[in-house]
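Put chain S on the given structure of chain Z with help from the hints.
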Amino acid sequence: MVKIHERKFVSCDPDKCVGCQICEYACSNNKENAFNPIKSRIRVVRQNQLVNMAVTCRLCEEPACIAACPRDALTQSEETGIILIDKDKCNGCGWCIEACDYGAMMLHPETKTVYSCDLCKDKEDGPQCVKWCPEEALTVVTSDVLAQKARISAIRKLFQEKRP
Amino acid sequence: MLGYAGKVLYVNLTTGKTQTEKLKEETAKKYVGGIGLGMSLWLANSKAGVDPFNADNPLVLALGPVSGTMFPTGGNGHAFISKSPETGAVGEAVSHGTFGAEIKRAGYDAIVITGKAEKPIYLWIDDDSIQLLDASNIWGKSPSETEEDIKTELGDYYVRVAAIGLAGEKLSKIACIINEKTRAAGRTGLGAVMGSKNLKAIAVRGTRDIVTAKPEEFMSMVKEFHERMKGPSTQKYRTLGTVENLLINNSFYCMPTRNYRNAYFEDAEKVSGEALNERYVSKIIACSSCPMRCEHEAVVRDGPYKGTMARMEYESLWALGPYTGVNKLDAIIKAAELCTYYGLDAQSTGVTVGFVMDCYEKGILSHNDLDGDAPFGSAEALLQLIEKIGKREGIGDKLADGVKAAAAKIGKGSEKLAQHIKGLEVTGYDLRCLKTAALAAAVSFRGADHNRSSAYAVDLKGKIDRLKAEKGRGKIVKDLEDTYALIDSFIVCKNARGTFYKDLQDMAKLYNLVTGYDLLPDELATAAERINTLARLINIREGLSRKDDTLPWKVMNEPIPDDGPVKGAVVTQDELDLLLDDYYTARGWNLEGVPTTAKLKELGMEDLASIVQGKQEA
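Protein chains in written order, with the working numbering: chain Z, 2 to 165; chain S, 1291 to 1908.
Here chain Z stands alone, though its shape is the one from the complex:
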């Protein structure tokens, strides 16, 4: 079983994100053979012109979506941590959508079953949103790497004036 510290997910750096929605197009094109943001596993939020960020599944350690599913349609892959959805069991009730703090669970408009990011497990070159992101705002990271980045950025801000 994969340990939590090794689990990877797609993370967005809001300082780099410009809200271009290319990740949404790349995702829906890969997964649904169509350009349609509402079928994308990653969604962009532009809170205002200055705050842009793409959000997708965090592959949580104790996923609230799984706990909320009354039909045991959701499980977590031991190997990768992605949320596996049994489409036969899912009836689109939406409790997992309500339970997810990140809005990463979504209801498919046609199949009426839920879906979320699976890290493009069928693609050799990994998540397509990351591959296409022109700003390199998206990365596949572990929580350890994220924490490292946060530390470095905090220290850099603190000692800005001492830089050579």
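A couple of the hints might just be wrong.
Claimed, not checked - A few chain S positions that, by computed beta-carbon distances, are all more than 10 Å from chain Z:
id, residue
1, K1297
2, N1302
3, D1346
4, K1409
5, I1420
6, W1429
7, Y1448
8, E1564
9, K1573
10, D1592
11, A1698
12, D1812
13, E1813
14, K1905
Said to hold, decoys possible - Simulated restraints on C-beta separations:
id, chain 1, residue 1, chain 2, residue 2, range
15, Z, R157, S, Y1791, 38 to 48 Å
16, S, K1504, Z, A151, 37 to 47 Å
17, Z, G127, S, E1677, 47 to 57 Å
18, S, I1538, Z, N49, 47 to 57 Å
19, Z, T112, S, Y1791, 34 to 44 Å
20, Z, E63, S, Y1447, 21 to 31 Å
21, S, N1335, Z, G127, 48 to 58 Å
22, Z, A151, S, K1857, 57 to 67 Å
23, Z, I156, S, A1565, 26 to 36 Å
Source of the hints: derived by calculation from the structure; they are not laboratory data. Virtual Cβ for every residue (Gly too), placed ideally from N, Cα, C.
Chain S alone, transformed into the frame defined by chain Z:
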């Protein structure tokens, strides 16, 4: 017909009735989309001589065949087309963002809006469901506030909105239509056409798939254009943005300053794109599908205008800065924010303020007329005048329809100070020393404009003598106009024009991969020529002729006074006549600027020949 949604939506605001019609394949191929399709729908649904504010004047919203796809910048544009209340000619303005793609996903290539609602309403398009909803609570609000309120009312964050501000409601002929808070379909006063219909906003949610005819090849092309967009052809937009032009134009002495009194601004360094980026630009953001991203957000963090935020481009920076003589960047950003707040075209607004300041300094308008002083360079006057224009208060009532209408009301020789063509205010290129651009501006179907051809670039590149009016310029302008007509019909972004290394071949390839058609580059070139000819036919039907293809008074009568490379430059009537003759000939029109029957036949436009009947003898 992939790429196209295949449907045109008709909305009558008087009766509340809506209907859809199939988009004919023949029309799609003939007029491509965007402004081409939009103008053809406007023409087919209007009567000659219609008053722009009459309920019968249609407002057309049109998308292109690549709208809604992932093609860089191609996914995100939309065009508004109508009869301009400011010029009486073709009114047309393109904007980008996400709004256009959303309409495409709702299933429409174009929307034709006619009639007039009894009370303020907004149009809510939710795929097939079309509703006219009450807008009394949002009437009077800014486009940004309107968008927030509509999202809250409909309970959907991803609803996309295009709205007018107070200026459009008050039928200001320089009012624009703003989508997603900062993007404007700015020129020719189409916000006032919306206002005249009591239409506050258009809100849309589209959930349909957009697919292309050849997905794999299409994605390879997308990939290639992503790479091109990281290259030199888009560097300006990715770094300083269009504001980079300010110092460049100033160094060429081609930046109209203080209402065309000068062509050089001595304080340009203070308001340069470099200074703007260093001190105020906080974030650069993108329209949907665009890897270039060029929207520069300027934020004022201290001083009297603390908390101000506006998107800045060269034209707004120039019009609100050098053109009014104002040299304070924070005040210029505030001015741009006010224009966005009221829903005013920032270019026309800046030029109008410059005109007022000229009138004030010449004693044509007094302290009493203005309820204050308005010398060139006064930031206070700039901001107060914009407020008055936005609200139509005091002198603002006379100014809110742009410089041509203002001069007609003010009189006393102010007509000579009103810098416009066909009624549309000038842009940030001094036409006295850019003679190819002067021709392009004179013949542009929507009035004074650099965006129908960007002919200034030819002048500035130095391969031709920019001070010379000579044969050959007509063909240059024609070819540029045709490329630009295609750009606005596809719709892709003009800032990305450099990524089409081979204009026609690249565009034909894109068109065919999306639609599955087999259009040859030559056929696309013919379509481009057809679209420009269509615009000319509309203008002829609405009563315009060669005499309207002219230049602002100062461009023809006041030589550039500044010591420098272009001192004394001016465009004479003889020069203009030579240029016009050359252009009309290049277009296959007669010397009155009327397309010949033979030309119409060649372009497959015999159905519109009645417009030119009896006008071809000259």
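Consistency of the hints with the structure:
Listed as a non-interface residue, K1297 (chain S) keeps its Cβ farther than 10 Å from every Cβ of chain Z; the least gap is roughly 17 Å. Every Cβ of chain Z is farther than 10 Å from the Cβ of N1302 (chain S); the closest lies at roughly 30 Å, confirming the non-interface assignment. With a minimum CB-CB distance of about 37 Å to chain Z, D1346 (chain S) clears the 10 Å threshold, and the non-interface call stands. The Cβ of K1409 (chain S) lies farther than 10 Å from every Cβ of chain Z, with a closest approach of about 31 Å, so its non-interface assignment holds.
Annotated as non-interface, I1420 (chain S) keeps its C-beta farther than 10 Å from every C-beta of chain Z; the closest such distance is 19 Å. Interface exclusion of W1429 (chain S) from chain Z stands, the closest Cβ pair being 24 Å apart, more than 10 Å. With a cut of 10 Å on Cβ distances, Y1448 (chain S) falls inside the contact zone with chain Z, its closest approach being about 8 Å. The beta carbon of E1564 (chain S) is kept farther than 10 Å from every beta carbon of chain Z, the shortest such distance being approximately 21 Å.
At roughly 5 Å, the least C-beta separation between K1573 (chain S) and chain Z is not larger than 10 Å, which violates its mark as non-interface. Distance to chain Z confirms D1592 (chain S) as a non-interface residue, since its nearest Cβ pair spans about 17 Å, more than 10 Å. Against the 10 Å criterion, A1698 (chain S) stays outside the reach of chain Z, whose nearest CB is about 38 Å from its own CB. The beta carbon of D1812 (chain S) is kept farther than 10 Å from every beta carbon of chain Z, the shortest such distance being approximately 29 Å.
With a closest Cβ-Cβ approach of about 26 Å to chain Z, E1813 (chain S) is found to remain outside the 10 Å limit, as its non-interface label requires. In this structure K1905 (chain S) is separated from chain Z by more than 10 Å, as the shortest Cβ-Cβ distance comes to about 46 Å. Judged by the Cβ atoms, the range 38 to 48 Å given for R157 (chain Z) and Y1791 (chain S) holds: they are separated by roughly 40 Å. About 44 Å separates the C-beta atoms of K1504 (chain S) and A151 (chain Z), a value consistent with the hinted range of 37 to 47 Å.
A C-beta distance of roughly 53 Å is found between G127 (chain Z) and E1677 (chain S), which places it inside the suggested range of 47 to 57 Å. Between I1538 (chain S) and N49 (chain Z) the Cβ separation comes to about 31 Å, which falls outside the hinted range of 47 to 57 Å. A beta carbon spacing of about 42 Å between T112 (chain Z) and Y1791 (chain S) agrees with the range 34 to 44 Å that was offered as a hint. One distance hint, 21 to 31 Å for the beta-carbon pair E63 (chain Z) and Y1447 (chain S), holds here, with the actual separation near 28 Å.
Checked against the hint of 48 to 58 Å, the C-beta distance between N1335 (chain S) and G127 (chain Z) comes to roughly 50 Å, which is consistent with it. A hinted range of 57 to 67 Å for the beta carbons of A151 (chain Z) and K1857 (chain S) is consistent with their spacing of about 59 Å. Look at I156 (chain Z) against A1565 (chain S): about 31 Å separates their beta carbons, and that is inside 26 to 36 Å.
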